[in-house]
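A.B. asks: Below, each chain spelled out in residue letters.
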Amino acid sequence: GENVEQHPSTLSVQEGDSAVIKCTYSDSASNYFPWYKQELGKRPQLIIDIRSNVGEKKDQRIAVTLNKTAKHFSLHITETQPEDSAVYFCAAMFSGGYNKLIFGAGTRLAVHP
Amino acid sequence: DTAVSQTPKYLVTQMGNDKSIKCEQNLGHDTMYWYKQDSKKFLKIMFSYNNKELIINETVPNRFSPKSPDKAHLNLHINSLELGDSAVYFCASSQQGTGNTEAFFGQGTRLTVV
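Chains as they are written, first to last, in our numbering: chain A, 1 to 113; chain B, 1001 to 1114.
Any given hint might turn out to be false.
Said to hold, decoys possible - Per the computed footprint, the stretches of chain A lying under chain B, defined by three or more beta-carbons under 8 Å from a beta-carbon of chain B, are:
id	stretch
1	45–54
2	103–111
Stated by the list, open to error - Pairs of lysine-lysine, DSS-like flavour, derived with a Cα cap of 27 Å:
id	chain 1	residue 1	chain 2	residue 2
3	A	22	B	1022
4	B	1009	A	100
5	B	1067	B	1022
6	B	1044	A	100
7	B	1067	B	1019
8	B	1044	B	1071
9	B	1041	A	71
10	A	71	B	1044
11	A	100	B	1041
Stated by the list, open to error - Simulated DEER-style distance windows between Cβ atoms:
id	chain 1	residue 1	chain 2	residue 2	range
12	B	1080	A	58	48 to 58 Å
13	B	1044	A	60	28 to 38 Å
14	A	2	B	1003	19 to 29 Å
15	A	8	B	1096	40 to 50 Å
Because the hints were derived from the structure by calculation, they are not lab data.
Heads up, the beta-carbon is just placed ideally off N, CA and C, and yes, glycines get one too.
The following block holds chain A by itself, in its conformation from the complex:
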């Protein structure tokens, strides 16, 4: 079935360190993979996305890599700051005549000063 697995569920780093969150998906036809950040009490907001015709995308301190063969993609945050602390969700768009955005279970990232 349609499934997105995300690891780790919690991640604690020191300010300035890097953080990596990994996701795998089940449908090889999926072609769109967004990452959302959700701060406490707020709505999920897109921080970066990648499409299946691209292997890597970078935006300042965040980057996403995609391995379509292995059906996994990762979020990399470098030089982490306390304001990066939030819950991060990966997602995959499952096709089949319509688009269905399925989320991973989320990673709670804590960046300690």
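Using the hints provided, position chain B relative to the given structure of chain A.
C.D. replies: Below, chain B without anything else, positioned relative to chain A:
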């Protein structure tokens, strides 16, 4: 200029009551969704509408009934509320098609059933 807005933001109600949550988007998107976020923060898709037509209906109890009067609105009505319905409900919208654009979320409705 809120892109996706839902009301109310908070809803506290007793078991057995019926309640509605409203959602509106001004992005011109043709697809709208309802997601449920439980206490463990898991975002689970419930429904999706494309141009007012129901296209995704996950295994949600039939006490939950979505209604889309037009493609800019998607409301959620819940009958006979139960304790387990307590969660944050998010509305979202996106545009279908090969572009697979970003899904924008509303601010969420925190439903508490007592």
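A.B. asks: Determine for every hint whether it applies to the structure shown.
C.D. replies: We went through each hint and held it up to the structure:
1. 45–54: With 4 residues closer than 8 Å to chain B, the stretch 45–54 of chain A meets the three-residue bar; holds.
2. 103–111: holds (count 4)
3. 22(A) / 1022(B): violated (34 Å)
4. 1009(B) / 100(A): The hint holds at about 25 Å.
5. 1067(B) / 1022(B): holds (9 Å)
6. 1044(B) / 100(A): Status holds; Cα separation ~11 Å.
7. 1067(B) / 1019(B): holds (13 Å)
8. 1044(B) / 1071(B): holds (22 Å)
9. 1041(B) / 71(A): holds (24 Å)
10. 71(A) / 1044(B): holds (21 Å)
11. 100(A) / 1041(B): The given pair, whose Cα atoms are some 19 Å apart, holds under the 27 Å limit.
12. 1080(B) / 58(A): 48 to 58 Å: holds (49 Å)
13. 1044(B) / 60(A): 28 to 38 Å: holds (31 Å)
14. 2(A) / 1003(B): 19 to 29 Å: holds (26 Å)
15. 8(A) / 1096(B): 40 to 50 Å: violated (33 Å)
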